[in-house]
Structures are given as C-alpha cells and as structure tokens.
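For the protein sequence lines, the chains are Z and L, in the order given.
Counting from 8, one number per residue, gives the positions in the first sequence under this note's numbering.
Counting from 8, one number per residue, gives the positions in the second sequence under this note's numbering.
The set of hints was computed from the structure by calculation and includes no laboratory data.
We put the CB at the ideal spot given by N, CA and C, even for glycine.
The reader is advised that the hints may include incorrect statements.
Claimed, not checked - Chain Z regions said to be covered by chain L (calculated; three or more residues, Cβ under 8 Å): (1) 28 to 42; (2) 100 to 109; (3) 195 to 204; (4) 221 to 228; (5) 244 to 251.
Said to hold, decoys possible - PhoX-like, lysine-lysine: derived pairs with alpha carbons at most 20 Å apart: (6) Z/LYS279 with Z/LYS142; (7) Z/LYS142 with L/LYS251; (8) Z/LYS279 with Z/LYS251; (9) Z/LYS251 with L/LYS255; (10) L/LYS142 with Z/LYS251; (11) L/LYS9 with L/LYS294; (12) L/LYS251 with Z/LYS251; (13) Z/LYS142 with L/LYS255; (14) Z/LYS251 with Z/LYS198; (15) L/LYS255 with Z/LYS279; (16) Z/LYS255 with L/LYS201; (17) L/LYS195 with L/LYS178; (18) L/LYS279 with Z/LYS262.
2 protein chains.
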Amino acid sequence: MKRIIIDALGSDKGPETIALGAALTLKEFPGIALTIVGPKEIIETILKNNNSDMSRVEIIDSNETITNYENPMTAIMKKTNSSLVLALKAAAESDDVLGIVTAGNTGAIIVGSIRYLSLPDMTRPCLSALLPNAKGGYSCLVDAGATIDATSANMVNFALLGSDMMRRLYKIENPTVGILSNGAEKGKGNKLVKETYPLLEEENSLNFIGNVEGSNALSGDFDVIVTDGFAGNVFLKNTEGMAKTLIKDIVKFSKQNNRPEMMEIASFLMSKYDLSSLGGAIILGIKKPIIKAHGNSNEMAIVNTSRMLINLDSGEEIL
Amino acid sequence: MKRIIIDALGSDKGPETIALGAALTLKEFPGIALTIVGPKEIIETILKNNNSDMSRVEIIDSNETITNYENPMTAIMKKTNSSLVLALKAAAESDDVLGIVTAGNTGAIIVGSIRYLSLPDMTRPCLSALLPNAKGGYSCLVDAGATIDATSANMVNFALLGSDMMRRLYKIENPTVGILSNGAEKGKGNKLVKETYPLLEEENSLNFIGNVEGSNALSGDFDVIVTDGFAGNVFLKNTEGMAKTLIKDIVKFSKQNNRPEMMEIASFLMSKYDLSSLGGAIILGIKKPIIKAHGNSNEMAIVNTSRMLINLDSGEEIL
Numbered sequence: 008m009k010r011i012i013i014d015a016l017g018s019d020k021g022p023e024t025i026a027l028g029a030a031l032t033l034k035e036f037p038g039i040a041l042t043i044v045g046p047k048e049i050i051e052t053i054l055k056n057n058n059s060d061m062s063r064v065e066i067i068d069s070n071e072t073i074t075n076y077e078n079p080m081t082a083i084m085k086k087t088n089s090s091l092v093l094a095l096k097a098a099a100e101s102d103d104v105l106g107i108v109t110a111g112n113t114g115a116i117i118v119g120s121i122r123y124l125s126l127p128d129m130t131r132p133c134l135s136a137l138l139p140n141a142k143g144g145y146s147c148l149v150d151a152g153a154t155i156d157a158t159s160a161n162m163v164n165f166a167l168l169g170s171d172m173m174r175r176l177y178k179i180e181n182p183t184v185g186i187l188s189n190g191a192e193k194g195k196g197n198k199l200v201k202e203t204y205p206l207l208e209e210e211n212s213l214n215f216i217g218n219v220e221g222s223n224a225l226s227g228d229f230d231v232i233v234t235d236g237f238a239g240n241v242f243l244k245n246t247e248g249m250a251k252t253l254i255k256d257i258v259k260f261s262k263q264n265n266r267p268e269m270m271e272i273a274s275f276l277m278s279k280y281d282l283s284s285l286g287g288a289i290i291l292g293i294k295k296p297i298i299k300a301h302g303n304s305n306e307m308a309i310v311n312t313s314r315m316l317i318n319l320d321s322g323e324e325i326l
Numbered sequence: 008m009k010r011i012i013i014d015a016l017g018s019d020k021g022p023e024t025i026a027l028g029a030a031l032t033l034k035e036f037p038g039i040a041l042t043i044v045g046p047k048e049i050i051e052t053i054l055k056n057n058n059s060d061m062s063r064v065e066i067i068d069s070n071e072t073i074t075n076y077e078n079p080m081t082a083i084m085k086k087t088n089s090s091l092v093l094a095l096k097a098a099a100e101s102d103d104v105l106g107i108v109t110a111g112n113t114g115a116i117i118v119g120s121i122r123y124l125s126l127p128d129m130t131r132p133c134l135s136a137l138l139p140n141a142k143g144g145y146s147c148l149v150d151a152g153a154t155i156d157a158t159s160a161n162m163v164n165f166a167l168l169g170s171d172m173m174r175r176l177y178k179i180e181n182p183t184v185g186i187l188s189n190g191a192e193k194g195k196g197n198k199l200v201k202e203t204y205p206l207l208e209e210e211n212s213l214n215f216i217g218n219v220e221g222s223n224a225l226s227g228d229f230d231v232i233v234t235d236g237f238a239g240n241v242f243l244k245n246t247e248g249m250a251k252t253l254i255k256d257i258v259k260f261s262k263q264n265n266r267p268e269m270m271e272i273a274s275f276l277m278s279k280y281d282l283s284s285l286g287g288a289i290i291l292g293i294k295k296p297i298i299k300a301h302g303n304s305n306e307m308a309i310v311n312t313s314r315m316l317i318n319l320d321s322g323e324e325i326l
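Produce the complete structure using the sequences and hints provided.
Dropping the structure here:
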C-alpha cells in the first residue's frame, strides 16, 4: 500500500489540526496508508475520536519541533529527533512512500531534503510554487528558492520537473515553459539566462516558448516559469507581498472612507491570492517530493496536499 | 545658466505634449534654460503660443524617433540623428547640463547612456526606480535593469548613488539601505549578495541595515533597495504587474457583480501605483542623470521630472 508521511509538528495551528487533517485524509483515500510523525498520544486520540482506520496508520512519536525562528542548517544537524528529521528518514527508508506533507520551516525542509533525500546523480532540488494566473489557472514557478546559485543544467532540470508536475497535477499535455528574464526578446538576460536559453531550446521534451518578463509571468501564457532560486524567491515573495499590500490598501480605504461594502473586494482578493488554500509549495528533484503546506494550514489543506502527492505519483486523481 | 535637455520624441502622446511640458517648465523655473530636441517647427509654434521666454530655449531639430519596438543596440548605433542620440551628444558636450528628460525606449536610453555618457572610472550605470512604499513614501530600487550582470563593486556603487539621490530628492539625511535577498537573516543570499554584504557593511557613508526579502522590500523600512539589474528588473516588473493584475481583478469583480461603486477602489489604486505621475526611473552612474518619463507622460510629468533634475543637482528645490 502506498504511504504518505505527515509531519504533525511545525504548524501554527498545532498538531491537533494536522491530526484531524490526517483523519480526513484516511477517510478520503481508502487505498492510502499514513505515517504520522508527532506527539503520539494527541494524534492517536484524535484519530480514534474520528473513527479512523488504525490499520493504515503508523505513528512515529516525536515532541521536538523545528520552529520558523531556527537556523535551518543547525536545526537539521542537531535536532535529529525532530518530527521533520524523523519524517525525512522515514521517507528515505521506504519505497512505498509517495512523499511528505509538512507545514514546517521551509529552509529546514530544503536543507533536510538535501541531507536525507538527495538523488545520487547530483540533481539539485527545486521549490516549485503554484501561483494563480490571469487566466484563472495556476502557473508553476521553479525554482522558488531551493537552489540559490543554480547552473544552466540545474535550470533545465527545473523545467523538466515543473513540466512533469503540471502534466500530472493539471493534465496539461504539453505545458508551455518560459524563462524569467529582464526582457521578452531573445538575447535578453543575465549570463545564466543566456547560457540556459539554448539548452531549453534543444530539450525536445520541453515546450519552451522563450523569455518571460516579471510583468507577464502570471499572464497564464506560461504553465512553467523557470528561474534560479534567488530570482525565483524574490519573485515569489514580491508576488505575495504585493497582493498583501494592495489588500491592505483596500481595507484602509474602506475604513477611512467609511465604506464597509468595499471589504467585499478585499475578501475576494484574499481568497484568490491565499496560497494556503492551495497547499503551498512542492520540493522536487529529490527522492520523494515534499509538500510544504502553509504554516497556518487547516485540516482540509492536509487532505488537499495529500491528494497532490497521489496525483504526482499516478497522475490519475483529479486535483 | 543651468540647462535641461528634453527629448521631444519617443513619447506615446507625441512631441506636442512634450513641447507643452517644456513651455510649462520654462514658466515654473525662470532660472533654467532648455535644450529641446525634436521637430523644430512644432516645438517653436507651441512654445510661442504659450508665450515662452525664447531667450532660454535652444532647439535641436530632429525628426527621427527610436521606437519601443527597436533593438536598443542597433538603434543607438545606426540612428545617429535620432532625438535621443542628439540629446545624449548635447549632454556630453556641455558642463552646464543638469541632465536629460526623455520618454523614449528604456533599453536605448541605457545603451545610449553607456555609449555617450560613461564615466571614465568604469562605473556602471544603474536604473533607479522610485516605488511607492507602505509608509506612504517612496523607496528607491537600484539597479532596476541597467547593469544585468553586476559585480559586488557595482552594487556598492548603486547603494551610494541611490542613497545620494534619496538625500537630495527627499531630504532623508541618512537613508536606510537593504540588499535584496532570499531571506532576511545575515548569511542568506546568492554568491553576489554574500560578496556584497560585507562591502556594504564596511562603507561608512552608507546606513546599511542588512538583507531584505521580496515580501518586505516596499515596507518603507528601506529607503534604498540594492540589487543587481537582473533581479531588480524582475522585481520592478513584477511589482507593476501585480498592481495591474489586482486592479484588473477589481474591475472584473465590479462588472460581474454589477457593483459600479467598487470602481472607486480601482481608481484609488490606479493613482497610487501609477508610476507615470511620478516621472518614472532615473539613470545614475553616468556623466549626467537621465530621467526616463513614462511613455504616456503628460505635460505635467515633464515639469515634475525637470524639478527632479534640479533637486538632484542642488538638493534645494523641494519635490
């Protein structure tokens, strides 16, 4: 039986919410087993209270969390009994594992994934972020921050991983790929983009369509946006930051002008740009994918991210 | 008498609007002379119709425009009688010139500034963009796209140029400087950021306060945000793109739900994030600054950008 590993610690909402999410996941996917890493008693109580099928559950006891305030490298090296490290070890040891769901410290997840789940061929991991685009769908940004100093060969691999993911998750047969650059015209770009461009052109399995600018990346014309982890992280955080800033502007405008009805538009935008409803980002390019759920994920986010892992494996379940 | 050079071609609104802007500039600043490069007859007619003091005006006749659709390098090399090239030559030849105002092709302005206005000490130009921040002021992003593959020495210079500009334009005595990175903690960054960080710390004339993430760059805590031209251009265009996308979302919501009053908030955000009212971006690190006014700048934008050049020179006029 295929198995998903769920890290029950590291979420802002506590292990109870994650355990409830695990209970719902067991009900939703009767063919899937779970390994849940976290405080055993709490998890067991919640699962039993929700009439979970305990024959499909393994609990690895852990009471050690890696918080968002810790140095990722130090935390991964020292906290070897933390829920995250135990989850990574469990993933490395079994072939049946589809992947890990965790709401923990992103930096620690990346460092830990390199430490425990690196591929033997020196492939570098990438953080793949799904961002809402102007056509109402999602575009995949790879790398959003796992490999900060990427090579052109890394970038080609990010494009392949992102394309494969979009095929499996969204049934897009031939995902379009753009490379993030400082101009749309061919020939624009920094040294890395100029080196990567011809390699993407040569790669027959990619539907590479050229450069894409920051202003146009989320137009929906590009299913996959390839970039290095540095520029990708700046792009991702700026996208989230700008959405938040404009929503705050609306709230302020509504209050200052005593126009409560304007809050409707703020709510609409909040739900559109709330990445937590989607399940956050996915680490690819390692032995098993890891889905980073937002720190404030609710129980349904655990079900949805588990579904993504199933889709990533089989490409059969519809998201 | 100090002189401003105005490129009357390259604007979407035609030379008439720029000439009208020049007439208003002459009235607003009686101590400033203008060199206007563009179609002589049109410019002369408009200036005279507006009772301009022609003793402070020089017109360099040109009917050749570099459009936004042209390759910047080719255009600068071949169109040696274009208004932009003639403006650059005029700036290079005179000591009294405060700088150039142009609404032309940004790429061509940068290439042209390197060709005609490079400093002898190999300083690289930077495009400095003024972006509205969450505190209601402006933050300066350097470099927003002039030096795509920057060195750490270039980056330090961008920080100095940006700080100096914020001091002169906004009377900020000790502008705070952050370096754009993939994490707020010291030690985060790509190779270039890690190399630049200690150099910024050592530079006593800078008020360097550390790394800044994409999500926080426009918080208002950072007067100057230093980055390389590649990441800066991605950041700038994404910032503009996200503002446009959310405004479009609001317009769509308003129409689909038949709620015309929601358009008020769209208008408010449009004016807040309309960079054309500000005068666009400034190229520093060359012999004379060039202000790139937006392609759709109106006549008042010409007055405002001229005021910025006066402030950049003396630091006395209030923006």
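Next item on the list: Against the earlier hints, flag every one the structure doesn't satisfy and list their numbers going up.
Entry: 1, 2, 14, 16 and 17
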